[in-house]
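A.B. asks: Here's the letter readout for the chains.
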Amino acid sequence: MKKLNHEEEIKLKRIAVQIRKNILRMIKAGRTGHVGGALSCADIMTALYFKIMRVDPQTPDWPERDRFVLSAGHKCLALYGTLAQKGFFEKSLLDTYGALGTKLGGHPDMHKLPGVETNTGALGHGLSIAGGMALGLRMDSLDAKVYVVMGDGELAEGSNWEAAAAISHHKLDNILAFIDRNTLQISGRTVDVMSYEPLDKRWEAFGWSVRVIDGNDMQQIFENATDIPFEKGKPSMMIADTVKSKGLPFAEDKVNFHYWKATDEELEVAEQALRQIEEGIE
Amino acid sequence: MDELRDPRKTFGEALTEAAQKNNKIVALSADSSSGSGMTPFKEKFPERHFEFGIMEQGIMGFASGLATTGKIPFFAAIAPFVTARPFEMFRNDLGYMRQNVKVVGRSAGLTYSDLGATHQSLDDIAIVRTIPGVTVINPGDPVDIVKAVHAAAEHIGPVYIKIGSPKMPVLMDENYPFKIGKGVVMEEGNDITIIATGTLLSKAVVATKLLQNKGIHPRLINMHTIKPLDKELVLKAAEETGKIVTIEEGYLAGGLGSCIAELLIKEHPVPMKMIGVDDQYADAGPYEELLAHLGLQGVQIADTVEQFLHGN
Chain H
1 MKKLNHEEEI KLKRIAVQIR KNILRMIKAG RTGHVGGALS CADIMTALYF
51 KIMRVDPQTP DWPERDRFVL SAGHKCLALY GTLAQKGFFE KSLLDTYGAL
101 GTKLGGHPDM HKLPGVETNT GALGHGLSIA GGMALGLRMD SLDAKVYVVM
151 GDGELAEGSN WEAAAAISHH KLDNILAFID RNTLQISGRT VDVMSYEPLD
201 KRWEAFGWSV RVIDGNDMQQ IFENATDIPF EKGKPSMMIA DTVKSKGLPF
251 AEDKVNFHYW KATDEELEVA EQALRQIEEG IE
Chain B
1 MDELRDPRKT FGEALTEAAQ KNNKIVALSA DSSSGSGMTP FKEKFPERHF
51 EFGIMEQGIM GFASGLATTG KIPFFAAIAP FVTARPFEMF RNDLGYMRQN
101 VKVVGRSAGL TYSDLGATHQ SLDDIAIVRT IPGVTVINPG DPVDIVKAVH
151 AAAEHIGPVY IKIGSPKMPV LMDENYPFKI GKGVVMEEGN DITIIATGTL
201 LSKAVVATKL LQNKGIHPRL INMHTIKPLD KELVLKAAEE TGKIVTIEEG
251 YLAGGLGSCI AELLIKEHPV PMKMIGVDDQ YADAGPYEEL LAHLGLQGVQ
301 IADTVEQFLH GN
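Residue numbers (the working numbering), protein chains in the order written: chain H, 1 to 282; chain B, 1 to 312.
Don't take every hint at face value.
As a list, the in silico SDA-like pairs of lysine to any residue whose alpha-carbon atoms are at most 20 Å apart [claimed, not checked]:
(1) H:Lys234 / B:Lys243
(2) H:Lys171 / B:Glu51
(3) H:Lys103 / B:Arg98
(4) H:Lys171 / B:Asp31
(5) B:Lys42 / H:Asp140
(6) B:Lys243 / B:Gly298
(7) H:Lys112 / B:Lys243
(8) H:Lys21 / H:Glu90
Pair ranges (Cβ atoms, derived) [to be verified]:
(9) H:Gly188 / B:Tyr281: 38 to 48 Å
(10) B:Tyr281 / H:Pro198: 38 to 48 Å
(11) H:Lys91 / B:Glu88: 48 to 58 Å
(12) H:Glu7 / B:Lys21: 47 to 57 Å
(13) H:Glu204 / B:Arg85: 25 to 35 Å
(14) H:Ile186 / B:Ile54: 29 to 39 Å
(15) B:Lys44 / H:Glu7: 52 to 62 Å
(16) B:Glu88 / H:Pro57: 25 to 35 Å
(17) B:Asn22 / H:Thr226: 30 to 40 Å
Since the hints were made in silico from the structure, they are not lab data.
Glycine included, every Cβ here is placed at the ideal spot set by N, Cα and C.
Extracted from the complex, chain H is given alone in its bound form (with noise of 0.2 Å):
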């Protein structure tokens, strides 16, 4: 297992702070949006975009890239973040989030921003999609990868289960899918609700090699996500227990902050716990 150096791991966890600040920052400027999951996935999306993907800003449909499929699209905050930090496009646009006819939609539209790779929103979608595009990369002789990210409340539409064996069946070990497990939809914990627990025995159930991580530790991220197929033959599934609105603390694990309506002063103290976090960083 390849391990991140020190420098290398404040360098990132410096970057998940400025994508947790973009997140903020479009918060402030519609007010409302879906934080709670953009934060719990960040350090994922921090790990994914700036130490594990091949990807190109300045030619974002080069044909080898590697692919990123946001199946939890409410998550778009953490993707936009991440998207802008990376220089996909300008951070200006950041501000539009929430206004009429912003690139920024309340779920990413491949056809208004660079770097986005699909449309998705309705649950349940992104994991056969990240099927088809492993499958073609293939066909192609491609050695590039296709990453998802699956909400765990996501996980009781039926369709996930549909392309869960799927991609198993045809032994697309090209991909990897991180579970954001932060044990949190909106009517409660994901247990309560609905449970698909143990996540990690249906999966491997379904043919999927897995690992259980700490999602919210950079690290084990980087560690657990650099050395795909975990098993070759077989999809790799990272479970990744995470906070739900990691990063600020009077919303962290709160099951009413899935949707944030923001007043000033949230958005003031919510300013202040990332400085703070930024300041120690070390």
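Knowing the structure of chain H, use the given hints to seat chain B on it.
C.D. replies: Structure of chain B alone, referenced to chain H:
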């Protein structure tokens, strides 16, 4: 109109031919390959044929993902299972994402007559045509099917093609210039216009002949493309013949008749009669008997047209 051809076999052969010319074409099966006529494709291009089992929602997503890498997927299965069941995937993954995927709903309309309402597809045109950017083709005979497959392969963007099960009579000239979005005048006439689509085109041909024998001369149009609609041809017919009858093997709600009514009400209102299936689950039974039960045989269509022409 003597020669009969199997529409599914015709589709499969045309697909294989198109795939020979274009190596981007791949075929996706939901345990539906042989039933959809794709066996020759599978034998000729095994590396471009993918079996998924019975999971139509997921296949729509796979098709979309494949298309993002430049492939041209053709996904064929029983019509309700590629339209009604995975509608959201059709809309979001193919339509909204503007992916170059061709969906073929076979055994459509009432043609799976014995299997009943779960397997009949009377709503496919109505629901698919609501998706912006999707081309909807309903070929009227085996010649149309072949031409539709080649045209769909060349067209960039999502396409839905509807085909039936029972053998169909050859109605069109093998050399006629098929163009997506362009209807075909099969019989000239100015007394009334009959616009037919898909599997009932042959019944419209029968009805037209019966009417001609009575001295009535309808203009008969094969409207093989529902979307985009050939507005020019419809408006010309409305202006020149004054009355329009539409014929389709599908629900009146949202189908070809609706499309034409939506156009005429805005541009050139004329009296219309819409022939099809009205708001019911059809019975199971032998196909031709079922059509007769629903008033969709040639002689019944001729009677309906004649009565409508005389003001009833």
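A.B. asks: The structure should be examined with respect to each hint, and the outcome stated for every one.
C.D. replies: Going through the hints against the structure:
With a C-alpha separation of about 62 Å, the suggested pairing of Lys234 (chain H) with Lys243 (chain B) is violated against the 20 Å cut-off. Taking the CA atoms of Lys171 (chain H) and Glu51 (chain B), the gap is near 13 Å; set against the 20 Å cutoff, the hint holds. Restraint check: the Cα-Cα separation between Lys103 (chain H) and Arg98 (chain B) comes to about 17 Å, which is no more than 20 Å; the hinted pair holds. For a cut-off of 20 Å, the pair hint linking Lys171 (chain H) to Asp31 (chain B) stands: about 19 Å separates their Cα positions.
With a C-alpha separation of about 19 Å, the suggested pairing of Lys42 (chain B) with Asp140 (chain H) holds against the 20 Å cut-off. Between Lys243 (chain B) and Gly298 (chain B), the direct Cα distance comes to roughly 19 Å. Compliance with the 20 Å bound is thereby established for this hinted pair. Of the supplied pair hints, the one linking Lys112 (chain H) and Lys243 (chain B) is violated, its CA atoms being roughly 45 Å apart against a limit of 20 Å. Annotation: proposed proximity of Lys21 (chain H) to Glu90 (chain H) holds, straight-line Cα distance about 15 Å (limit 20 Å).
Evaluation of the 38 to 48 Å hint for Gly188 (chain H) and Tyr281 (chain B) yields a pass: the beta carbon distance comes to about 39 Å. Against the hinted window of 38 to 48 Å, the Cβ-Cβ separation of Tyr281 (chain B) and Pro198 (chain H) comes to about 43 Å, which satisfies the hint. The hinted window of 48 to 58 Å between Lys91 (chain H) and Glu88 (chain B) is violated, with their beta carbons roughly 33 Å apart. Distance hint check for Glu7 (chain H) and Lys21 (chain B): the Cβ-Cβ separation is about 55 Å, which falls inside the suggested range of 47 to 57 Å.
Between Glu204 (chain H) and Arg85 (chain B), the C-beta spacing of about 29 Å keeps the proposed range 25 to 35 Å intact. At about 31 Å, the CB distance of Ile186 (chain H) to Ile54 (chain B) agrees with the hint of 29 to 39 Å. For the hinted restraint 52 to 62 Å between Lys44 (chain B) and Glu7 (chain H), the CB-CB distance of approximately 56 Å keeps it satisfied. Taking 25 to 35 Å as the suggested C-beta distance range, the pair Glu88 (chain B) and Pro57 (chain H) conforms, at roughly 31 Å.
At roughly 38 Å, the beta-carbon separation of Asn22 (chain B) and Thr226 (chain H) lies within the given 30 to 40 Å, and the hint holds.
Consistency note: the structure conflicts with the earlier hints numbered 1, 7, 11.
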